[in-house]
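Q: Heads up, the sequence shown is in UniProt numbering, so the first residue is 1 and it goes up one at a time.
Heads up, some of the hints might be wrong.
[Said to hold, decoys possible] Listed below are the simulated BS3-like cross-link pairs for lysine-lysine, each with C-alpha atoms no more than 25 Å apart in a straight line:
hint	residue 1	residue 2
1	Lys176	Lys219
2	Lys261	Lys249
3	Lys288	Lys238
4	Lys238	Lys171
5	Lys238	Lys300
6	Lys261	Lys210
7	Lys175	Lys219
8	Lys242	Lys288
9	Lys210	Lys171
10	Lys249	Lys187
11	Lys176	Lys187
12	Lys175	Lys187
13	Lys284	Lys219
14	Lys162	Lys176
15	Lys219	Lys187
16	Lys219	Lys258
17	Lys253	Lys171
18	Lys176	Lys222
19	Lys238	Lys219
20	Lys300	Lys176
21	Lys238	Lys210
22	Lys162	Lys222
23	Lys219	Lys162
24	Lys219	Lys242
25	Lys242	Lys261
26	Lys187	Lys300
27	Lys171	Lys187
28	Lys284	Lys297
29	Lys300	Lys284
30	Lys297	Lys187
31	Lys176	Lys297
32	Lys238	Lys258
33	Lys210	Lys187
34	Lys238	Lys284
35	Lys249	Lys300
36	Lys175	Lys222
[To be verified] Label-pair ranges, simulated between beta-carbon atoms:
hint	residue 1	residue 2	range
37	Asn201	Pro181	18 to 28 Å
38	Ala283	Asp229	42 to 52 Å
39	Ser318	Cys233	53 to 63 Å
40	Asn313	Gly237	45 to 55 Å
Think of the hints as simulated: they come from the structure by calculation, not from any bench.
Backbone N, C-alpha and C fix where the C-beta goes; we use that ideal spot for every residue, glycine too.
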Amino acid sequence: MRCSSSRHQEAAGGKRQQEEEARAGVRKPPRFSFSLSLSLSLSLSLSLSLYSLSLSLSTSLLCLSLSTSLLSLLSLSLNRPNQFSLSLSLSLSLALSLSLSLSLSLLLFSLSLYFSVSLSLSLSLALSLSLLASRTTARFSCAFNQIANMSDAAAPASKKAKPAYTFNVNKALDKKYETMPFSEIVKLPPSALQGLSEHANPMLAAFHIKTIADLAEWKFAKVAHAIVDLADCEEEGKRAEKSENNFNKALDKDFETKSLKELVHAPPSALAGLADWTDGVLAKLHIKTIQDLARWKYIKWAQGLVTLAHFENADHHS
């Protein structure tokens, strides 16, 4: 029973492989015996043709040598019919001609055999390599299709394995953006934050803020946040005369000597880089002081969303 089941599985596996190769548009290359028989037939035909050529050449040379010997014999017989040198010269000439023709015939036959064997081996090797390359290409194509099918089949499984999350940030976003991933949310305009109308977009664009990520990284908000946080750590009138710390690059010149607690209530234009007209624009967004800027909830939401976006996995893996 086990042998029959194993045979059935092997037959089924072979059938599946044939179907996959057929779907991939791959044809099985012919066997190696085809290339070998083709090369042998070519080499045999070339050998026969070259051998026939060598025989014809040797026969022609033999006939030529015989005719030359007969002509010389005839000439000598007419001039000196009774001399022994006539027969000797004739014999030597005939033997020399026969030996030369046979030697030439053997040489041509050896050369034809050598070239035919070399050519047959070269053709056989070339055909074998080409067929091996085509068969290897077919196997790689089939394997690639199998991997692609496996990845396609694994994709739905990964989606099904998504954890059952319970957290949300619904109160920070408009309804249509609540299900988007953090990596896409931070690319939305500031008006995607719940409570900010679309009129806020051109106001913030005046400060080069076009996305939620821009709002989170706004340098003036970061400076305001630092001032407000450190104001609670300040002791009034206790600055040491030897103290060297300052943040003059962040403040307008008129505010460089102010205490942190005084700066908290200063207008946003007290920060270096914000002109006086910005106070009016920010006032429309309910930002009238540096403290308002630091505690503006939309900036805090934007910073939180950007921070979490850095830790997001698109495939939901841990």
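Q: All the hints need checking, so say for each whether the structure fits it.
A: For each hint, the structure was consulted:
no.	hint	result
1	Lys176 with Lys219	violated, 29 Å
2	Lys261 with Lys249	holds, 18 Å
3	Lys288 with Lys238	violated, 29 Å
4	Lys238 with Lys171	violated, 43 Å
5	Lys238 with Lys300	violated, 32 Å
6	Lys261 with Lys210	violated, 31 Å
7	Lys175 with Lys219	violated, 29 Å
8	Lys242 with Lys288	violated, 34 Å
9	Lys210 with Lys171	holds, 21 Å
10	Lys249 with Lys187	violated, 30 Å
11	Lys176 with Lys187	holds, 15 Å
12	Lys175 with Lys187	holds, 16 Å
13	Lys284 with Lys219	holds, 20 Å
14	Lys162 with Lys176	holds, 21 Å
15	Lys219 with Lys187	holds, 18 Å
16	Lys219 with Lys258	holds, 20 Å
17	Lys253 with Lys171	violated, 40 Å
18	Lys176 with Lys222	violated, 29 Å
19	Lys238 with Lys219	violated, 29 Å
20	Lys300 with Lys176	holds, 21 Å
21	Lys238 with Lys210	violated, 42 Å
22	Lys162 with Lys222	violated, 36 Å
23	Lys219 with Lys162	violated, 37 Å
24	Lys219 with Lys242	violated, 29 Å
25	Lys242 with Lys261	holds, 21 Å
26	Lys187 with Lys300	holds, 16 Å
27	Lys171 with Lys187	holds, 18 Å
28	Lys284 with Lys297	holds, 15 Å
29	Lys300 with Lys284	holds, 18 Å
30	Lys297 with Lys187	holds, 18 Å
31	Lys176 with Lys297	holds, 20 Å
32	Lys238 with Lys258	holds, 13 Å
33	Lys210 with Lys187	holds, 9 Å
34	Lys238 with Lys284	violated, 37 Å
35	Lys249 with Lys300	holds, 24 Å
36	Lys175 with Lys222	violated, 28 Å
37	Asn201 with Pro181: 18 to 28 Å	holds, 22 Å
38	Ala283 with Asp229: 42 to 52 Å	violated, 23 Å
39	Ser318 with Cys233: 53 to 63 Å	violated, 38 Å
40	Asn313 with Gly237: 45 to 55 Å	holds, 52 Å
Checked against the numbered hints above, the structure violates hints 1, 3, 4, 5, 6, 7, 8, 10, 17, 18, 19, 21, 22, 23, 24, 34, 36, 38, 39; every other hint is satisfied.
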